[in-house]
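J.: Here the protein sequences come in this chain order: Y and U. To convert, note that position 187 of the first sequence is 187 in the UniProt record's numbering; the numbers rise steadily by one, no gaps. To convert, note that position 166 of the second sequence is 166 in the UniProt record's numbering; the numbers rise steadily by one, no gaps.
Warning: the hint list may mix true and false statements.
As the list claims (entries may be wrong) - Simulated crosslink set (DSSO-like; lysine-lysine; CA at most 27 Å straight-line):
| id | chain 1 | residue 1 | chain 2 | residue 2 |
| --- | --- | --- | --- | --- |
| 1 | U | K37 | U | K138 |
| 2 | U | K113 | Y | K138 |
| 3 | Y | K16 | U | K138 |
| 4 | U | K37 | Y | K126 |
| 5 | Y | K95 | Y | K37 |
| 6 | U | K16 | Y | K95 |
| 7 | Y | K113 | U | K138 |
| 8 | Y | K126 | U | K138 |
Derived from the structure by calculation, the hints contain no laboratory data. Nothing here was measured: the structure is a model prediction, and the numbers come from that model.
There are 2 protein chains.
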Amino acid sequence: MSTENTSVKQLINYFKNYFPLNSKERDELFLHFTERKVKRRGFILQQGDVCRHFTFVVSGCFKMYAVDKNGKEHNIQFAAENDWITDLASFYSEKPSQLYIEAIEPSVILQIKYPDLISLYINHHKFDRNFRIIIEQKFIALQNRVLQNISSTAEERYQSFLEQYPHISNRLPNTQVASYLGITPEFLSKIRKDLSQRSNP
Amino acid sequence: MSTENTSVKQLINYFKNYFPLNSKERDELFLHFTERKVKRRGFILQQGDVCRHFTFVVSGCFKMYAVDKNGKEHNIQFAAENDWITDLASFYSEKPSQLYIEAIEPSVILQIKYPDLISLYINHHKFDRNFRIIIEQKFIALQNRVLQNISSTAEERYQSFLEQYPHISNRLPNTQVASYLGITPEFLSKIRKDLSQRSNP
DNA sequence: GGTATTTCTTAAGATACCTCATTGGCTGAT
DNA sequence: ATCAGCCAATGAGGTATCTTAAGAAATACC
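Construct the entire structure; sequences and hints are all you get.
T.: Here it is, written out as structure tokens:
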């Protein structure tokens with residue numbers, strides 16, 4: 001059995017959390033999703049390129065980030081196993097992206113191309129439904145992050161990130177976490193020191 | 001012609017920006033969406049209540065906000081004409097909301113109840129598609145807001161808010177804008193002063 | 001049209017967070 | 001084993017933003 005086969009089975013299993021797929025729909029996944037291995041520090045999207053694939057992470061971990069005019073990276077999203085990572089704006093508009101998507105670990109992904117996803121939507125409306133629900137959930141999570149950004153201190157945001165994403169935060173260098181929280185690594189270091197001193201006085 | 005009738009026509013017209021509705025689908029809107037007028041400062045959701053309606057703003061303007069432990073309000077979203085406002089987390093989970101949705105102006109809205117929206121999704125899959133696309137667009141906007149929050153100064157965020165939402169920012173007191181940006185009204189006042197001094201030296 | 005309420009502005013002192021420079025530990029490649 | 005290249009930690013000094021308080025201006029409501 002090819003590894004591609006196993007990966008698609010993982011994706012089929014993932015959809016069991018939503019409206020599970022019937023056999024025709026499952027066949028479409030085998031047909032349209034392509035497996036790809038990505039090395040640590042490999043890019044699946046770079047600024048200036050059009051984001052042509054919708055990507056499901058089978059294993060490993062990615063970050064999506066923007067680079068500002070001073071060359072600093074700002075992490076918008078992480079994605080580990082059983083999560084999606086795509087620059088939706090570029091993907092649907094077919095215009096050049098402002099973002100980078102880079103592997104933080106050696107990773108395996110499944111990708112579907114824009115026209116294939118559109119035809120999936122058209123021919124099997126369950127995908128419209130499932131992706132509607134998936135993105136609604138991601139929208140809710142993002143809205144909570146916005147609320148935290150406008151209402152909480154860096155320390156509160158850090159603790160809440162640790163609680164909400166333990167499986168990711170474990171695997172990240174603190175500099176990546178700092179970039180996600182919108183603070184400097186130095187300040188995160190101070191926060192960690194303060195926290196540990198408060199718990200071990 | 002009732003005003004409800006006109007409001008639903010506006011909603012039908014709104015859907016022309018996506019996949020336009022056929023006559024059966026239009027009938028469903030007349031059947032399931034209820035018009036409601038809301039006074040300035042009227043609430044359509046309060047913390048502790050379950051969010052039972054998906055709301056389309058026909059005219060007027062709303063804010064959705066959380067109240068922190070010190071009693072301060074933090075604006076998560078505004079919604080004016082032809083926009084949606086709902087606490088998705090509470091709506092789909094049918095659990096009590098943490099949020100408030102309050103009219104900033106006298107407003108007219110159209111609301112659909114949870115079970116009716118679900119049956120719309122089931123019986124007319126175009127609604128799955130249209131709401132998928134609508135929320136994808138809102139997701140992209142929210143992601144840009146997160147990026148700004150973690151990478152830009154308050155002044156940059158303010159200017160970008162003015163550019164992106166002129167039709168809303170015009171109608172809001174600055175204190176509401178400050179709450180949306182995650183800064184104090186006093187500091188926003190300073191930002192505005194600095195900006196005007198730089199343009200009229 | 002007048003009063004009550006909300007909103008805007010200003011300023012001084014406090015705090016959160018940043019920049020820059022330095023150090024030391026760890027890791028991966030030779 | 002050694003060296004180069006991250007990465008974490010720290011401290012000093014700077015900037016962004018907050019708090020509090022007060023008066024002035026604008027706006028809502030009767």
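J.: All hints, please: hold or fail.
T.: Results for each hint:
1. For the given pair, K37(U) sits about 25 Å from K138(U) by alpha-carbon distance, which is consistent with the 27 Å threshold.
2. At most 27 Å may separate the alpha-carbon atoms for a hinted pair to count; K113(U) and K138(Y) meet this at roughly 22 Å.
3. Taken as a hint, the K16(Y) and K138(U) pair is honoured in the structure, with Cα atoms around 26 Å apart against an allowance of 27 Å.
4. Taking the CA atoms of K37(U) and K126(Y), the gap is about 36 Å. The hint is violated against a cut of 27 Å.
5. For the hint linking K95(Y) to K37(Y), the alpha-carbon distance of about 25 Å falls within 27 Å, and the restraint holds.
6. Among the hinted pairs, K16(U) with K95(Y) is consistent with the structure: their alpha-carbon atoms are about 23 Å apart, no more than 27 Å.
7. With a C-alpha separation of about 22 Å, the suggested pair K113(Y) and K138(U) falls inside the 27 Å cut-off, and the hint holds.
8. For the suggested pair K126(Y) and K138(U), the alpha carbons sit about 21 Å apart, so the restraint of at most 27 Å is met.
Comparing the model with each numbered hint stated earlier shows that hint 4 is the single one that does not hold.
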